[in-house]
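S.K.: Quick note, the sequences are listed as chains A and P, same order.
Quick note: the first sequence uses the working numbering, first residue 2, plus one each step.
Quick note: the second sequence uses the working numbering, first residue 4, plus one each step.
Quick caveat, the hints were computed from the structure, so don't treat them as lab data.
A few of these clues could be false.
[As the list claims (entries may be wrong)] Computed footprint of chain A on chain P; a stretch qualifies when at least three of its residues, placed anywhere within it, have a C-beta under 8 Å from a C-beta of chain A:
id	segment
1	68-78
2	134-144
3	172-179
4	201-212
5	251-259
[Unchecked claim] Stretches of chain A that chain P covers, calculated by requiring three or more beta carbons in the stretch to come under 8 Å of a beta carbon on chain P:
id	segment
6	11-23
7	42-48
8	90-103
Glycine is no exception: its CB is placed at the ideal position from the N, C-alpha and C atoms.
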Amino acid sequence: MLDFFVKPLQAPFVQQALAEIAVLSVIVGVIGVYVVLRGLSFLSLALSHAIFPAVVVAYITGLNYLVVSLAAGVVVSVLIGLVSRNRRVGNEAAIGSVYTGVFALGIVLISAAKSNRRLSEILFGRLFGVGWDDVLTSIGVGVVVLLIMAAIRKEFLLNSFDRNFSRALGLPSIGLDLLFFALMAVTVIVSLPAVGNIQIIALLVTPPATARLLTERLKVLTLLSVVVALLGGVAGVYLAYHLNLVPGATVVVVLTLLFLLALFFSPRNGLLTRRLQRRKRVKPSKQSTNQLVSK
Amino acid sequence: MSQIVDWFSVPFEQEFMRRALLEIALLAIVSGVVGTFVVLKGIAFIVDALSHAILPGIALAYLFGFSLLTGALVAGVVVALAISGVAHTGQVSEDSAIGIFFTGAFSLGVILISKTVSRSLSDILFGQIFGVSEGDLWTTFLIGGGMVVAVLALRKELLLSAFDSQQARAMGLPVDGLNLLLYVLVALTVVISLPAVGNILVLSLLITPAATARLLTDRFYRVMGLAIGCALLTGAGGLYLSYHAGWAGGASIVMLSTLLFLVVLALSPRYGLVSYWRSRFYRRQPITPNPSESGN
Chain A
2 MLDFFVKPLQ APFVQQALAE IAVLSVIVGV IGVYVVLRGL SFLSLALSHA IFPAVVVAYI
62 TGLNYLVVSL AAGVVVSVLI GLVSRNRRVG NEAAIGSVYT GVFALGIVLI SAAKSNRRLS
122 EILFGRLFGV GWDDVLTSIG VGVVVLLIMA AIRKEFLLNS FDRNFSRALG LPSIGLDLLF
182 FALMAVTVIV SLPAVGNIQI IALLVTPPAT ARLLTERLKV LTLLSVVVAL LGGVAGVYLA
242 YHLNLVPGAT VVVVLTLLFL LALFFSPRNG LLTRRLQRRK RVKPSKQSTN QLVSK
Chain P
4 MSQIVDWFSV PFEQEFMRRA LLEIALLAIV SGVVGTFVVL KGIAFIVDAL SHAILPGIAL
64 AYLFGFSLLT GALVAGVVVA LAISGVAHTG QVSEDSAIGI FFTGAFSLGV ILISKTVSRS
124 LSDILFGQIF GVSEGDLWTT FLIGGGMVVA VLALRKELLL SAFDSQQARA MGLPVDGLNL
184 LLYVLVALTV VISLPAVGNI LVLSLLITPA ATARLLTDRF YRVMGLAIGC ALLTGAGGLY
244 LSYHAGWAGG ASIVMLSTLL FLVVLALSPR YGLVSYWRSR FYRRQPITPN PSESGN
């Protein structure tokens with residue numbers, strides 16, 4: 002039993018993977034709460050795919066990944082923003098058309114460059130291939146993101162819950178939106194090399210949605226979503242190590258299982274819990290109607 | 004001049020190129036028909052989710068040797084039911100439910116395939132348009148043909164429930180059943196496109212041509228016809244491009260398709276950005292409200 006936990010820790014790549022996933026859990030847990038509150042899953046999916054060509058360019062040319070992908074993220078966000086302003090197209094079709102095209106550009110780039118790096122490695126991330134420098138980068142970026150979030154959390158919160166009110170108060174609604182999209186893009190960008198394109202959405206959405214089933218207070222929600230991400234991340238890394246699975250995908254499967262557990266057994270309003278409570282509640286309600294009748 | 008002719012005719016002499024062109028033409032028709040409804044209803048995210056979520060079904064089909072079609076359909080229906088079931092509890096928004104379940108299913112599929120199936124994952128994810136077999140063509144033709152016939156037979160019901168589900172429900176149409184039918188059609192489109200473009204880029208095949216067509220016309224059947232036209236154009240163009248430049252086939256088509264979309268978005272006579280900015284520039288007064296709305 003002890004070996005199960007201690008033995009992997011002796012391998013440096015597991016140490017690095019655990020450190021990376023722990024750092025990412027904190028960033029992703031905090032940002033993800035707003036992604037879930039505002040229903041931005043599809044946008045985060047589009048962002049993660051649209052940054053893909055930048056990943057490819059960085060791999061092929063050896064340019065700094067962060068710089069290239071930030072540039073790509075900005076270009077794609079502006080493009081989606083412009084396209085979705087056209088009422089004929091609609092938000093969803095705009096996001097879909099733009100991101101598939103940009104994603105395809107990345108695949109064409111790979112095939113044109115005849116890169117010997119395997120496509121699936123870029124697509125699904127290499128959690129077992131991150132180095133300490135990657136972890137340091139994530140820590141640096143994470144500190145900046147969290148400081149910004151902490152500094153203007155009230156404005157963010159108001160803006161995502163009640164836009165009209167926040168606008169009436171004179172808050173720069175669009176500016177706050179853009180700032181949040183930028184933070185989300187940065188979060189996606191730092192996580193991408195480790196967890197991959199699809200998995201990043203799960204990391205952003207599943208932990209806060211799980212936490213949401215357990216609490217309604219925002220502070221607790223944020224804390225819980227970090228804890229859930231951490232739990233899923235660490236458990237996923239251990240499982241992937243012992244069973245020799247794709248690490249990024251394993252983390253996501255564990256997270257999904259945690260969500261299902263919370264959905265059914267949450268003490269507040271889990272599906273099974275509610276059913277049990279309803280059965281208990283039947284009796285008292287009958288009594289109270291009897292009392293009413295007897296009066 | 005003869006160089007231009009050669010550019011087109013030389014690839015056409017290759018058997019695999021002819022098959023690829025035929026396959027993409029068939030897919031263009033099917034996805035144009037189905038995609039028009041997808042764009043109209045604005046359900047791109049759930050379509051994208053379904054196309055990713057069928058991966059574990061494909062993996063299990065490979066593993067146990069039953070047909071890919073069955074595996075993908077079952078996986079698609081299970082995930083669709085899970086999403087709508089969880090969204091109906093009201094505790095998780097639909098957007099989040101989609102995000103949770105499709106990533107979970109997709110990751111499960113990645114694990115299953117990497118552990119068990121000898122075929123490379125990227126072949127399944129991105130297809131091999133130049134490796135389409137005669138059997139694939141027949142599958143596309145038969146299933147696609149059946150789907151088009153089904154849509155044509157139910158065109159009025161589908162159209163009404165897509166445009167105005169309240170009215171459709173009031174008229175006694177089984178709106179939920181029709182929605183389910185649309186999802187099944189989408190899942191089938193994903194499955195028959197699998198050998199050619201794979202399940203990640205199929206979203207583009209479904210929505211980009213229809214979104215492009217919507218920028219050009221208002222009439223429903225013209226949108227459908229134009230969508231098929233756009234898909235044929237970019238499909239053939241992408242194949243030639245990929246043949247001559249040596250690029251990935253499916254991805255070239257998708258890239259070209261988005262490019263066409265962006266060009267139309269900028270230049271469309273009615274709804275294009277250029278004409279919008281021009282009309283704003285000339286109209287120096289605030290927009291007057293629609294007389295039919297103000298006169299009630």
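S.K.: Which of the listed hints are broken here?
M.R.: 1, 2, 3 and 6
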